[in-house]
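Colleague: Keeping their order, the protein sequence lines are chains A and B. Taking our numbering, I'd label the letters of the first sequence as residues 1 to 111. Taking our numbering, I'd label the letters of the second sequence as residues 1001 to 1434.
Hints are computed from structural coordinates only; laboratory data are not their basis. There could be a bad hint or two in this list.
Said to hold, decoys possible - A few chain B residues that don't get close to chain A, going by computed Cβ distances all over 12 Å:
id : residue
1  : T1055
2  : Q1099
3  : R1109
4  : E1225
5  : Q1246
6  : H1363
7  : Y1400
As the list claims (entries may be wrong) - Listed below are several chain B residues computed to face chain A (Cβ distance under 7 Å; list not exhaustive):
id : residue
8  : W1164
9  : M1166
10 : S1167
All values derive from a computational prediction rather than experimental measurement. Virtual Cβ for every residue (Gly too), placed ideally from N, Cα, C.
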Amino acid sequence: MDERQGSDVLTACFTEAGLSIQRDYRFREGGVNVVLDGFDPERRIGFEFITTEVGDRSEFTAAVVEELETRMCAEELFLFLIDERDVRGPEVLEGAARGFLALLRDRGHLT
Amino acid sequence: MSHYGVSHFMQAAQQQRATLMHELGVAQHYVSVHHQRRAELGQAYAQVMQDLGATLVQALTPEWLDYAIRITGFAALANENPLAMMENERRLRSQRVRQIEADQRFTERELLRHPTTGSLPRGLAEMQENLAPLLDVLARCNHSRMPHLIESGYGTPAYATGFWRMSYYEDWKAGDEIVERFPGVTFFTQVREDYLRAAQSVGPLQAEAARLRAEIAAGEALEREHSECRQALQTLEARWLAHVRQRISTYMLECPPQVLAPRLAAVPQIELAYKRALGVTAKAHYLDQIVARDVESFVRDAQAAIAKLDQDVTKLRRPKKAGTLFPAEAFERRFRDRRPAHQKRWRRFEKTYGTVYGFADYHAAPIGTDFLWWDLMTDGSIDGDFIPEVHHFHSNHPGYQYRRRQRDDEDDLVASAAAASVHDDTSYVSHDAS
Chain A
1 MDERQGSDVL TACFTEAGLS IQRDYRFREG GVNVVLDGFD PERRIGFEFI TTEVGDRSEF
61 TAAVVEELET RMCAEELFLF LIDERDVRGP EVLEGAARGF LALLRDRGHL T
Chain B
1001 MSHYGVSHFM QAAQQQRATL MHELGVAQHY VSVHHQRRAE LGQAYAQVMQ DLGATLVQAL
1061 TPEWLDYAIR ITGFAALANE NPLAMMENER RLRSQRVRQI EADQRFTERE LLRHPTTGSL
1121 PRGLAEMQEN LAPLLDVLAR CNHSRMPHLI ESGYGTPAYA TGFWRMSYYE DWKAGDEIVE
1181 RFPGVTFFTQ VREDYLRAAQ SVGPLQAEAA RLRAEIAAGE ALEREHSECR QALQTLEARW
1241 LAHVRQRIST YMLECPPQVL APRLAAVPQI ELAYKRALGV TAKAHYLDQI VARDVESFVR
1301 DAQAAIAKLD QDVTKLRRPK KAGTLFPAEA FERRFRDRRP AHQKRWRRFE KTYGTVYGFA
1361 DYHAAPIGTD FLWWDLMTDG SIDGDFIPEV HHFHSNHPGY QYRRRQRDDE DDLVASAAAA
1421 SVHDDTSYVS HDAS
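Hey, can you work out the whole structure from these sequences and the hints?
Modeller: This is the structure we're talking about:
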């Protein structure tokens, strides 16, 4: 799957869950300055499909991911992080996205 | 008629093809008869070689060896000293038998390796029994993500992958798939414990099973070796006698006949066996050459002619070739009746082959002189220059002239009977021709 196909699948799932996803959202907070593939700035929920094709690996460095994860542990925001190498097809990606959204719902971050 | 058309060509080609196919059948029959004759000659050769050796060395004793060496001049056999070699083998084999019989792996073979009560097979069975459930756990855990699940501590508090990562859901899915393979198990943690225990225990158990198998195999090899040694000791003298006989008869066949002839003159029985061995060898060679000239070459030519006919017929079937005309002379030359020529060839083959195969007067071979088996076998009545050796002999002996034998009544009777038997078997086309 390429970046566009992956983002389309994720946007559909997140939108269906009631989120207002903005594609290619510039996220600039603290020391983090990246473009997210999809993000709802109001609910602070989104996703990033990391691919080599568009140079994500130089943008989402280990330090950036660590910073984002620290903030997710503090429940300040939630970003579904997908490495293209873990995705075997659109069904797998869609299943995982629904699992992520269900967990957020269980934890009260999504109605 | 000055020209022939395509329809004439087709008819003539069909006829010629049928004739050639018939003749190929005849040739195949001759090849088959020759094959059978060749096998019989091979057996006759083996028998005569055995007779030769058996007549010269009737027992493996110094006296019989001296006799054989004196008669044949095969002095090298004395240096080889087969009696000493045989005694050496007897000593080594006996020594090995004693060694094996003193080995605990042999003396306690029943106790150790009896299939049902032996300690080693029982130990191996027990090991396999212990291994079976462990291997079963490993087989059920065979999943491409299992190593990662174990390494990441999936199912334990040490598992640190965030729920926002895709791999978290892949791990979850894989874990569920593996747990499903274990009825009655609810959590991956239980599978993980069984898996780690199995993975740790399998290696040592398999190593122990391999050790037991190797011990069984080594013991069995020892039993086999013991049995082989005993068998070798039982057949020792017969084997060495056969070996010596073989050495002597082979030496005689390799020795120039002129050298052996004076030595054998005083022992007619051996001389006759020797002549038979030489004669049967020459006969087999001649028969091969006769078949090659008269039958095999015909088969090659006929197959090529049939292929050419088929090719021409295919070409002439094309509409644009319908008006082709063939000059009468060339057409008639190509499709002339070749059956008389074939009949002539087969008659020549039957006569030559039958004469050589029917030869039985081995005793008449003047082995002390520079003679030609071909002339003796055919009584000089058939030209054998198509055989390279015969041709070579004539080239090297420009003044040579074969003097036909004065056959006695007994010779005539034997030869006529043999030739008649050959003719009955090989004759094929003569019935057609008559």
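Colleague: Would you mind marking each hint as holding or not holding in the structure?
Modeller: We went through each hint and held it up to the structure:
{"no.": "1", "hint": "T1055", "verdict": "holds, 84 Å"}
{"no.": "2", "hint": "Q1099", "verdict": "holds, 64 Å"}
{"no.": "3", "hint": "R1109", "verdict": "holds, 58 Å"}
{"no.": "4", "hint": "E1225", "verdict": "holds, 58 Å"}
{"no.": "5", "hint": "Q1246", "verdict": "holds, 72 Å"}
{"no.": "6", "hint": "H1363", "verdict": "holds, 90 Å"}
{"no.": "7", "hint": "Y1400", "verdict": "holds, 91 Å"}
{"no.": "8", "hint": "W1164", "verdict": "holds, 6 Å"}
{"no.": "9", "hint": "M1166", "verdict": "holds, 4 Å"}
{"no.": "10", "hint": "S1167", "verdict": "holds, 5 Å"}
Violation of the numbered hints given earlier is absent; every hint is satisfied by the structure.
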